[in-house]
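A.B. asks: With our numbering, letter number 85 in the sequence shown gets 85, and the count goes up by one each step, no holes.
Just so you know, the hints here were simulated from the structure itself, not pulled from any lab data.
In this text, all values refer to a predicted model and were calculated from it rather than measured experimentally.
Hints should not be assumed to be uniformly reliable.
Below, simulated BS3-like cross-link-like pairs (lysine-lysine); rule was C-alpha separation at most 25 Å, straight line [claimed, not checked]:
{"id": "1", "residue 1": "Lys88", "residue 2": "Lys100"}
{"id": "2", "residue 1": "Lys127", "residue 2": "Lys100"}
{"id": "3", "residue 1": "Lys301", "residue 2": "Lys203"}
{"id": "4", "residue 1": "Lys127", "residue 2": "Lys249"}
{"id": "5", "residue 1": "Lys390", "residue 2": "Lys301"}
{"id": "6", "residue 1": "Lys301", "residue 2": "Lys249"}
{"id": "7", "residue 1": "Lys88", "residue 2": "Lys127"}
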Amino acid sequence: MATRDQLRELGLFDARAPRYTSYPPANHFNGQVSAETTADWLRAVPAGERVSLYVHIPYCRRLCWFCACRTQGTSTDRPLVPYLHQLKQELALIDATLPKDVVVSQIHLGGGTPTLLPPHMIRSLGKALRTFRPLADDLQFSVEIDPTEVDQARIDALADIGMTRASIGVQDFDPVVQDAIGRQQTFAQTRDVVNMLRAAGVKSLNMDILYGLPHQTRERMSQSVQSVLSLSPDRVALYGYAHVPWMAKRQVMIPADALPDSETRLDLFDLARDLFLADGYQEIGIDHYALPTDSLADAAKNGTMRRNFQGYTDDTANVLIGMGASAISRYPQGFAQNLSTSSQYATAVEGGQLATSRGHAMSADDMLRSDMIEQLMCQFKLDLPALSAKHGVSLAGLIDMTAPMRRRFADHLAITNNVIQLDQSARLIARLCAQEIDAYHMPEGRHSRAL
Numbered sequence: 001m002a003t004r005d006q007l008r009e010l011g012l013f014d015a016r017a018p019r020y021t022s023y024p025p026a027n028h029f030n031g032q033v034s035a036e037t038t039a040d041w042l043r044a045v046p047a048g049e050r051v052s053l054y055v056h057i058p059y060c061r062r063l064c065w066f067c068a069c070r071t072q073g074t075s076t077d078r079p080l081v082p083y084l085h086q087l088k089q090e091l092a093l094i095d096a097t098l099p100k101d102v103v104v105s106q107i108h109l110g111g112g113t114p115t116l117l118p119p120h121m122i123r124s125l126g127k128a129l130r131t132f133r134p135l136a137d138d139l140q141f142s143v144e145i146d147p148t149e150v151d152q153a154r155i156d157a158l159a160d161i162g163m164t165r166a167s168i169g170v171q172d173f174d175p176v177v178q179d180a181i182g183r184q185q186t187f188a189q190t191r192d193v194v195n196m197l198r199a200a201g202v203k204s205l206n207m208d209i210l211y212g213l214p215h216q217t218r219e220r221m222s223q224s225v226q227s228v229l230s231l232s233p234d235r236v237a238l239y240g241y242a243h244v245p246w247m248a249k250r251q252v253m254i255p256a257d258a259l260p261d262s263e264t265r266l267d268l269f270d271l272a273r274d275l276f277l278a279d280g281y282q283e284i285g286i287d288h289y290a291l292p293t294d295s296l297a298d299a300a301k302n303g304t305m306r307r308n309f310q311g312y313t314d315d316t317a318n319v320l321i322g323m324g325a326s327a328i329s330r331y332p333q334g335f336a337q338n339l340s341t342s343s344q345y346a347t348a349v350e351g352g353q354l355a356t357s358r359g360h361a362m363s364a365d366d367m368l369r370s371d372m373i374e375q376l377m378c379q380f381k382l383d384l385p386a387l388s389a390k391h392g393v394s395l396a397g398l399i400d401m402t403a404p405m406r407r408r409f410a411d412h413l414a415i416t417n418n419v420i421q422l423d424q425s426a427r428l429i430a431r432l433c434a435q436e437i438d439a440y441h442m443p444e445g446r447h448s449r450a451l
């Protein structure tokens, strides 16, 4: 593992870099991808292909200040009724274009707060999704759960439509930290919801926790992590808080002077990491931890783990169809993102049009670099001969392409038979390594901290 001085020399404590949940990052999407483009990509999905569905519910009862997701507040269920209707209209538009014999292998309800939907609306949406196309025998159906906005009736409804995995946002259990980020959520609320989910038959439980929040200290971080561990989640995402008020305006509510500096962030990360490892969790990628029995641990071990807008995943489908305002779809040909606001989205689908507003059509070079960056983020290595054979590019060209990365991180990688392997510092420097491959690299100030 690199020393603090080595990390400082690499610029880690000052660096900003994309999280590389896509390549190119979404801030490089453009208006050249249209509804017609998306329709062409849908028609081109091969017969019998496995596809994943993502449904974005943008509404929240409260707008947490730390969140950079596209959400909007509502104090009533009134906007949910037309929005559900619009989701079904979009599903019908996709149904008219997508080949009939594809198979749905994963469904994910995200947000926002999907558990704002009343039980009857959950069942209605679930029925539409489950009858859209044949379901894979190994279907995974995951739902993001807000413990402060869910009850037994909603959990029963989610179980009825086939939920197999639940993801709970924790962030931090300390009340001082919670007050500073506008998210009050007690341990007791979270524990009770976990018990309900387990009783409802949920086999896989994910939790998210953040480091780098205002007023976080080692003691507070330790207590929050140990509280999470007491609930025995199957996997945990340990994300660094991204303070990007130029993108997420609500983050101006966060007291910037109370944010820990980069070296303190590393202390908090190391502390949490050590606690997860001591409790039997395995390190997965740059920021996930999983029990050895979890499917993500298997995917990481056998080299099939992927990275997408939900972070690390064991979803191997080449097609991810996003539905709802601002949802992003991924096709072999590129990315397509829906109109961002619910009003714009409604106008499109109610007018009989797919809601695509922007995206990115992948060039051959994009596909190569995307593959390389995903290898770095998931496996911490680059197999140049395999990449050469897969993408039809010369090995010499790949050696030239990786030269800046190899020079900058020479002390932190090994090269054997043109396979580049990062050392034990990989989890800290993978994003910086990926940035050396990124042809769309932009000024660092527009990204979140690399640590």
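A.B. asks: Of all the hints numbered above, which does this structure not satisfy? Sort the numbers upward.
C.D. replies: The structure breaks hints 4, 6; every other hint is satisfied.
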